[in-house]
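Number of protein chains: 2
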Amino acid sequence: MRLSRYFLPVLKETPSEAQIVSHRLMLRAGLIRQHAAGIYNWLPIGYRVLRKIEQIVREEQDRSGAIEILMPTVQTAEVWKESGRYDDYGKEMLRIVDRHDRDMLYGPTHEEVVTDIFRSMVKSYKDLPKNLYQIQWKFRDEVRPRFGVMRGREFLMKDAYSFDLDEASARRAYNRMFVAYLNTFARLGMKAIPMRAATGPIGGNLSHEFLILAETGESGVFVHKGMLEKTVPANVDFDGDLQPIVDDWTSLYAATDEMHEASKEAELGDALVSARGIEVGHIFYFGTKYSKPMGCKVVGPDGQDVDLHMGSYGIGVSRLVGAIIEASHDDAGIIWPESVAPFKVGLINIKPGDAATDAVADDLYAKLEAAGVEVLYDDRADERAGAKFATADLIGLPWQLVVGPKGVAAGVVELKNRRSGEKVEMSVEAALAKLTA
Amino acid sequence: MRLSRYFLPVLKETPSEAQIVSHRLMLRAGLIRQHAAGIYNWLPIGYRVLRKIEQIVREEQDRSGAIEILMPTVQTAEVWKESGRYDDYGKEMLRIVDRHDRDMLYGPTHEEVVTDIFRSMVKSYKDLPKNLYQIQWKFRDEVRPRFGVMRGREFLMKDAYSFDLDEASARRAYNRMFVAYLNTFARLGMKAIPMRAATGPIGGNLSHEFLILAETGESGVFVHKGMLEKTVPANVDFDGDLQPIVDDWTSLYAATDEMHEASKEAELGDALVSARGIEVGHIFYFGTKYSKPMGCKVVGPDGQDVDLHMGSYGIGVSRLVGAIIEASHDDAGIIWPESVAPFKVGLINIKPGDAATDAVADDLYAKLEAAGVEVLYDDRADERAGAKFATADLIGLPWQLVVGPKGVAAGVVELKNRRSGEKVEMSVEAALAKLTA
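Residue numbers (our numbering), protein chains in the order written: chain X, 1 to 437; chain S, 1 to 437.
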């Protein structure tokens with residue numbers, strides 16, 4: 001993409017309304033623009049990041065055996081009255097009355113809708129287990145939306161719902177999501193730690209939160225230092241027994257400040273690490289909480305009806321954009337992990353209009369594009385080199401490839417790694433080889 | 001994907017509420033399930049088709065130079081009051097009051113929101129032209145939603161918005177979308193015909209509808225038979241002059257029953273074809289209708305402020321799922337064009353449990369998956385062969401690859417083309433070669 005044709009509205013000033021670094025950087029780097037309180041427009045590079053995260057989440061859900069569907073954003077109140085949550089949910093639920101005076105709402109979550117699908121379409125234990133997931137926009141009418149996409153009102157979530165015949169099978173479904181989450185966050189370039197969590201309004205008695213560690217995180221966390229060194233298992237067989245992996249990842253102490261136990265921490269001594277984290281995933285097993293009131297049951301092997309055991313599993317997809325920035329930035333701007341970067345390479349022509357420089361830069365652009373490398377080509381004629389470097393650092397692409405007249409005369413270009421800051425001069429061929437490897 | 005693990009809730013009976021064939025087939029083949037009037041759940045194969053259409057639409061928008069963003073579904077009423085449409089829009093607009101008693105709405109379209117983005121972020125003529133698009137869910141509170149996804153309330157649209165300095169430049173933007181639409185519908189396997197259209201509530205004085213021809217289409221259309229033979233130009237240069245292409249595609253008579261002129265049709269004589277069509281795209285040039293009241297202007301080359309010339313360009317993405325089925329089905333079910341089929345191949349094991357048959361079918365499944373071919377593997381142990389064939393015809397995958405004990409003993413499998421009905425016995429190797437070619 002040529003920047004001269006793109007839409008990258010970078011702000012020079014830091015917006016005063018932004019209290020946290022990810023919010024400031026998302027506004028400054030032109031990722032988002034506020035439409036109304038807690039409601040954002042996703043601008044081109046922001047939306048590219050969001051879609052990359054979404055795709056990684058999707059692939060790891062698919063790999064675990066979950067099946068993608070899409071439920072509507074606007075729901076009828078009827079199913080919420082059946083589950084008993086319509087009156088409980090309070091003012092966070094955005095309630096809507098349609099032209100025929102029917103009570104509707106903008107879904108804050110989809111337990112009721114998916115249970116309604118399942119009860120009408122699945123009749124036999126032979127069709128179990130199943131895990132249906134979606135990646136869909138939701139709305140929670142927060143009283144004080146803030147921190148940009150970290151606590152917005154309209155937000156994108158992955159939510160999965162498992163249906164099983166009994167608790168043991170439901171526990172296996174829970175374990176599959178637990179491991180899928182480890183894989184997902186690792187692919188996003190993040191260190192995420194599962195912590196035993198309160199179940200809150202979703203209900204149930206087994207629940208874990210996944211928190212990304214970031215110095216600027218919203219929650220205090222207390223973890224055994226061994227948690228920080230665990231590696232995510234490779235090539236997991238999701239048909240196999242995942243309990244050992246889950247046991248391993250829950251064997252050491254890890255708790256948010258809401259759930260922590262001072263007595264246990266005292267025992268840990270030097271092994272205790274106190275840090276900060278951002279919640280990016282939450283998984284629940286809640287048994288028959290929804291299936292029983294909503295009549296979601298199947299005929300079991302013995303011919304008797306069985307209420308299904310359910311769990312639900314969320315990942316905050318739009319929140320992750322902010323969370324990744326909180327965990328990965330410096331004073332100059334964002335530092336994207338390569339897996340979610342809006343482009344892999346920022347190609348900077350420091351003197352557009354200079355024929356020799358243009359020839360090298362245009363050729364590099366064409367060859368990188370032809371090789372399938374995502375490049376943002378800063379070909380703007382009316383910006384100084386310094387402004388181009390500042391923009392490149394701010395938007396945080398993993399690699400900056402700098403082409404200028406002096407280097408071109410000497411037969412070299414400069415390749416900068418955004419994360420390490422390391423700059424290396426090399427031939428055009430060497431730069432191409434490195435970026436297309 | 002193994003069907004035994006998938007979620008494909010096929011209905012045996014034709015649902016009585018469905019009046020048109022696409023709605024019937026989408027319910028029967030398990031593509032959608034109604035949640036509330038005009039609001040649908042997208043089940044796994046339906047959602048796969050929707051996403052494939054979305055991706056083709058996206059690629060053709062990108063190729064034409066449009067830039068993807070995402071605007072929120074929930075909008076503030078303020079921008080609609082600025083444009084003057086808030087009171088005009090009537091009951092089709094789903095109005096919402098949030099917890100702080102602010103007037104909000106679920107966007108039926110996004111002219112106001114995108115104009116608000118543009119006016120705040122683009123200040124100079126040097127940043128023009130621009131075309132920003134999104135693929136986003138919208139809501140129109142239809143008084144009588146019907147025909148399934150063809151006239152639903154919550155629906156997915158691609159909507160693009162162009163911004164230009166003057167009418168001539170805006171006309172070029174219009175032409176780029178015109179040609180992008182020809183490419184898009186051709187890639188979807190459809191014959192789409194542009195027709196001069198009324199501009200309605202969007203406003204403006206230049207507009208075309210694109211209609212897919214289908215015997216069961218909602219609108220009568222009258223076209224010069226030459227329109228049916230036109231081919232879509234290949235490898236268009238979107239930086240070049242597209243006027244000749246647009247002129248060619250608008251040179252012959254084509255009109256919907258709403259706009260047709262009997263006198264012109266009489267002149268055509270035998271060249272007139274009367275058919276039926278389904279509207280799947282609509283493009284508008286409307287000049288300064290929104291930019292002027294909303295103050296969307298830039299500094300022009302002479303230092304004076306200029307109100308921007310705008311157009312908007314829609315494709316009904318979810319509607320296309322129904323429209324393609326209307327145009328491509330038979331008595332047995334759907335016939336997907338390969339570009340949007342949920343899977344390319346239905347692999348049918350007609351005797352699961354028979355060791356030799358399982359070995360061949362499992363091996364074919366593994367090899368097709370490894371080659372990146374999308375396969376739905378009907379490995380169900382409890383269904384008769386007849387039911388499997390009926391399901392395969394109903395869901396309409398382009399190829400059915402049938403593996404049974406008799407064929408396996410003779411060293412052959414059967415490959416059926418869903419569209420032509422042609423069945424050919426061939427070796428496993430030949431079938432693999434054909435399907436991975």
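What the hints contain is simulated information worked out from the structure, not anything from laboratory work. All of these numbers come straight from a predicted model, not from anything done at the bench. Do not rely on the hints blindly, as some may be mistaken.
Note that identical chains are pooled: a pair holds if it fits in a single copy or bridges any two copies.
Said to hold, decoys possible - In the DSSO-like style, the derived pairs of lysine-lysine whose C-alpha atoms are separated by at most 27 Å in a straight line are:
1) Lys52 / Lys81
2) Lys138 / Lys91
3) Lys12 / Lys416
4) Lys344 / Lys423
5) Lys12 / Lys264
6) Lys138 / Lys52
7) Lys126 / Lys351
Hint by hint, here is what the structure shows:
1. For the homomeric pair Lys52 and Lys81, neither the shortest alpha-carbon distance inside one copy (37 Å) nor that between copies (36 Å) is at most 27 Å.
2. With identical chains, the CA atoms of Lys138 and Lys91 are at most 27 Å apart both within one copy (15 Å) and between copies (24 Å).
3. In the homo-oligomer, the alpha carbons of Lys12 and Lys416 lie at most 27 Å apart inside one protomer (23 Å), although the nearest pairing across protomers, at 61 Å, exceeds that limit.
4. Taking identical chains as interchangeable, the C-alpha atoms of Lys344 and Lys423 lie at most 27 Å apart only when both belong to the same chain, with a minimum of 16 Å there against 47 Å between chains.
5. Taking the shortest alpha-carbon separations for Lys12 and Lys264, neither the intra-copy value of 48 Å nor the inter-copy value of 59 Å comes in at or below 27 Å.
6. Both within a single protomer and between protomers do Lys138 and Lys52 lie at most 27 Å apart by alpha-carbon distance, with minima of 19 Å and 23 Å respectively.
7. When the C-alpha separation of Lys126 and Lys351 is checked against a cutoff of 27 Å, the pair qualifies only between copies, where the shortest distance is 18 Å, while the shortest distance within a copy is 67 Å.
Checked against the numbered hints above, the structure violates hints 1, 5; every other hint is satisfied.
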